[in-house]
Amino acid sequence: MDRRVVVTGLGLISPLGNNLKESWQSLIQGKSGIRRVRSSISKNLPYSIAGEIKDFDPAQFIPKRKSIKLMNRGSQLVAAAANMALADSGINPSETGLVLGIGGTQYAIEDAVTAIYASLSEDMTVDHQRFGREGLQSLNPIWPFTLLPNMALCHVSILYNIQGPNVIFSSIASAGAQAIGEAMKKVREGEIPALLAGGCDTINPICLTSFFLKDLLSPSSDHPEAICRPFDLKRDGMVLGEGAALLVVEDLSHAQKRGAKIYAEITGYTSCVYGLGEMPAGESLARDTNGAEISIRGALEQAGIAPEGVDYINADGRSCEISDWAETEAIKRVFGDYAYKVPISSNKSMTGHLLCASGAVEAIFSIMSIMENIIPPTINYHHPDPRCDLDYVPNEAREKKIDIVLSNTFGPEGDYTSLIMKRFS
Amino acid sequence: MGKRVVVTGLGTVTPLGLNVKSTWEGLTEGRSGVNRITLFDASTFPVRIAGEVKNFHLNGFGYDPHLVDFMSRATKFCFEATRMAIEDAKLNLKTINPTRFGISLGTNEEHVHLDQIDEVYGEFLTYQALASGSNYYFDSSKPLGKIWPIRRTASITTFLLSLILNARGPTNTSVTACASSGHAIGRALRSIESGEADIMIAGGCESMISEFAIAGFGLLGALSKNNDEPHKASRPFDGKRDGFVLGEGSGILVLEELSHAQARKANILAELTGYGSSSNAYRITDSTPDGSGADICMMAALKDAHLSPDDIDYINAHGTSTLSNDRSETRAVKKVFGRRAYEIPISSNKSMLGHLIASSSAVELIISILTIQYNIIPPTVNLTHPDPECDLDYVPNISRGKEVHAVLSNSFAFGGQNVSLIVEKFIEDRNNKKRWIEG
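Note that the protein sequences, when read in sequence, are chains A and B.
Our numbering puts the first residue of the first sequence at 1261, with every later residue one more than the last.
Our numbering puts the first residue of the second sequence at 13, with every later residue one more than the last.
These are calculated hints, taken from the structure and not from any lab test.
We put the beta carbon where it would ideally sit given N, CA and C, even for glycine.
One or more hints might be untrue.
Claimed, not checked - 25 Å max Cα-Cα, derived DSS-like pairs, lysine-lysine:
1) A:LYS1281 - A:LYS1660
2) B:LYS315 - A:LYS1445
3) A:LYS1445 - B:LYS15
4) A:LYS1661 - A:LYS1521
What the hints assert, rightly or not - Simulated restraints, written as ranges between beta carbons of each label pair:
5) B:LYS15 - A:ARG1647: 40 to 46 Å
6) A:ARG1658 - B:LYS102: 55 to 61 Å
7) A:THR1385 - B:GLU415: 54 to 60 Å
8) B:LYS102 - A:ARG1393: 48 to 54 Å
9) A:LYS1326 - B:GLY233: 15 to 21 Å
10) B:GLU37 - A:ASP1475: 47 to 53 Å
11) B:PRO398 - A:MET1384: 51 to 57 Å
12) B:LYS237 - A:SER1300: 34 to 40 Å
Turn these sequences into a full structure, and let the hints steer you where they fit.
In structure tokens form, the structure reads like this:
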């Protein structure tokens, strides 16, 4: 008999609040966390709307000032989420390992701008010899730490003395959910009794500009809180955001032995890749639908439940025209008539797309739905799209007994991940 | 008990050659692949040497030219290594069940070169320039800027490969710097052991020899500045070492479930039996002085393989040629192997290849498998001034013939993420194997 895997600790920091309680309250009240981002990031950028974390004070979680200086914002957020999750679960960190989903360091080119300018020749091309001689001098000696993708693991394992397995998974968007799924597998296979798993992503000038240049973002508006409209007819692109979410994923018998509080059980996980981002619209609809279908079916199968067993779908719903059609269509294919009965909602309507953090953040919100029997709404939903004709829990949260949640996270790269969380009994 | 996992195909692109054979010949002859940097003008940089892949061309698969344009240098290495590994394994892609066929890679983000700056960041830099009140102007009209964010992500190689090979099984990308491909291979091992997949393409690729990486690691003082004698720059365990040398390349293995490999009468090169992972939880830049962290990882791999320290015939060391790593690794080996540490040959391929970062673990595992196949241990070159703190048998300068049944291969990332893998000579009957171990 396989080991059962449960969640015993939650740590979250999101645009909706700097801890789980605040975030959840905003979420069920339908308050958006999307706004104009702080000027230090948005100065002179063509686009400046995102789900930004407000008033984050790393010193609250990280005792040493020197460590804070060496950490980029991503590592600081992971440290904060780890702090909260570990405290919540009461587990001894040295018994655990760390599995993270992180998008990338985004290269922090903004910190190298001075070095680049110092190396320009008359025709505005970068002169290598000048860069070697002069540009290098203006680089901050600790800047190289941003070159390495594993720094969050490094900092957090040092902070809490976590010596177990340490892995990072990467993709554009589904890595957070993937990390939780992979952690579930490691625990189920008996490699380690407990792991801290989840994801993190931050907004930065490069990221905002590049998504804007790719025409993936919803056009700017004077009402930033209203521009992310998943499944609404007038949706016109995603909104980025930042956040970190970590879960303590633990072997049931280990959790019971130490008398831990058990939030929920993770029973299904599928991750697959189906094609690649840059595709004509028609093809990408077919691809997205197929990918989503495979992912949802796989997770249900692994959890050993019929589609009718699912009480609520925490959708990917990223507010892009095609992806929302595709997800709706995939749900109809898998769930048949039941698709019209099962409530579906998108947390992204309020948080924005937290990229690699989104899968983990939404897994935590899904677990909260089970704990509190409340379904958070899809806000900004005013104009029904005839091709998106399911129950998206528009604008108002809803009470319902929830035992099993399906949480979808699909990335623009063509990666699809689904998780199934179940009330523990 | 989980399913058994064997290696049936290998492919590499390294600074010593564009295939497994030439890399192996270079290593056993003790040749160095480190030379002056030619990928960009490094003449004014404090560090001017690296292990570059030379004369590289992408062959096979009949790629769409647009796709080739889209690929980064590291992705191209990976495609080439994968093609070789699939040919080596004599895999017929048409007969494979796509949902039982997966990909697990250890990679890194694409490293932008200075002369690509305006293509990639032109518009962004112009905004920044405006912010600082100057009037720099970059040409950002090139379409590349628009696809770049996706092209640059670490996971792109995995995605492209799954597309080309029609692999629909478990797919993941690990990014733990120097341990990336080790974790990827470990994940692939688990995917097959647990019955999720029959075949996995596992390994990694890296091409980090860029102005920013050389500058960045240089600023940290981690790179060797022995610019005048590039061949002698990487000297793991030697008293005169002054840092590591950056390299590039790719290593890919075809991992297969045993009965699947036997059913198609594949040539079995070795069995992958152990995977261990740990974290130092010590410091960002330094290894632990007493080797703790690394010992947990090696022990975990031994336990996973059901082997005792006495069963290991050769250790393929991480051996980066930094003071901190070499001493820490030596102490960790002593912790795990006790008095036997002095009897087991240990060598570092990085003395000749340089440090291939995300692909190092995969390439070194491939070398470990060849060690089993040919019963030859490649040397640690440039070991001429022994460091009294590093007093084990590092197979100095000349390769050595020895019967090798089981190899432990270490990779320890900058930042403290460790991975150890164990490969063994394939013996069909496990009970027989047990007897041999006990004997």
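Cross-check of the supplied hints:
| no. | hint | in the structure |
| --- | --- | --- |
| 1 | A:LYS1281 - A:LYS1660 | holds, 20 Å |
| 2 | B:LYS315 - A:LYS1445 | holds, 18 Å |
| 3 | A:LYS1445 - B:LYS15 | holds, 16 Å |
| 4 | A:LYS1661 - A:LYS1521 | holds, 20 Å |
| 5 | B:LYS15 - A:ARG1647: 40 to 46 Å | holds, 44 Å |
| 6 | A:ARG1658 - B:LYS102: 55 to 61 Å | holds, 57 Å |
| 7 | A:THR1385 - B:GLU415: 54 to 60 Å | holds, 57 Å |
| 8 | B:LYS102 - A:ARG1393: 48 to 54 Å | holds, 53 Å |
| 9 | A:LYS1326 - B:GLY233: 15 to 21 Å | holds, 18 Å |
| 10 | B:GLU37 - A:ASP1475: 47 to 53 Å | holds, 51 Å |
| 11 | B:PRO398 - A:MET1384: 51 to 57 Å | holds, 52 Å |
| 12 | B:LYS237 - A:SER1300: 34 to 40 Å | holds, 36 Å |
In summary, the structure agrees with every hint in the numbered list given earlier.
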